[in-house]
Amino acid sequence: AQKITQTQPGMFVQEKEAVTLDCTYDTSDPSYGLFWYKQPSSGEMIFLIYQGSYDQQNATEGRYSLNFQKARKSANLVISASQLGDSAMYFCAMREPNTGNQFYFGTGTSLTVIP
Amino acid sequence: DAGVIQSPRHEVTEMGQEVTLRCKPISGHDYLFWYRQTMMRGLELLIYFNNNVPIDDSGMPEDRFSAKMPNASFSTLKIQPSEPRDSAVYFCASSLFGQQETQYFGPGTRLLVL
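Just so you know, the protein sequences line up as chains H and S, in that order.
Mapping of the first sequence onto this note's numbering: position 46 corresponds to residue 46, and the numbering continues sequentially without gaps.
Mapping of the second sequence onto this note's numbering: position 81 corresponds to residue 81, and the numbering continues sequentially without gaps.
No wet-lab data here; the hints were simulated from the structure.
Since this is a predicted model, take the numbers as computed values, not measurements.
Cβ coordinates follow ideal geometry from the N, Cα and C atoms, glycine included.
Worth double-checking, as some hints may not be accurate.
[What the hints assert, rightly or not] Restraint-style ranges between C-beta atoms, simulated for each label pair:
1. 17/S to 17/H: 46 to 52 Å
2. 40/H to 44/S: 19 to 25 Å
3. 7/H to 2/S: 18 to 24 Å
4. 2/H to 57/S: 30 to 36 Å
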């Protein structure tokens, strides 16, 4: 079974609008971390936001927020007030410290911001 | 602070040649990861180390690939002999231990095998 599932290969959003990128995960470990990364066309991988499995509140970092629904095992990324520079690939990832500590990545979502 | 350093940034080689990719993790990080990214297969974990010891190399495609971490500040990924299907971007990343610790990626090495 896939550890991380991103079902949206591509998304479009109008500039200044909000967009939600979906991510579901699969784990039986009560302790885990969820991460989102951005990969612009230049190729580098940029860490955006983290959510811990025991965190009571949704994580926020500037225009990024993580809609964490533990019972549904979803960790959707919300980008508010989209900018042209947000056009990139976005990857969801999970880390399980009790089972090796590696990172599991989804297949990514390509976001295009339309002016 | 310096981030993860990878060299070379670009490599063009001919089929059958040996290729060595290098990585210097962030000082103090005890985990090091090697990934390969292609359009067809996406981002794949090849191998990762903890305190210089390989923990899981199940992602290494075949015996042509090998990775070493002789000390905490240096790792290599070697392909011998290289094949055109090895063409990809190879990322090195490092992190600290802990579920809340993100990994920091190097800029990647773009490998083209002709």
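- [ ] Output the numbers, in ascending order, of every earlier hint that fails for this structure.
- [x] 3, 4
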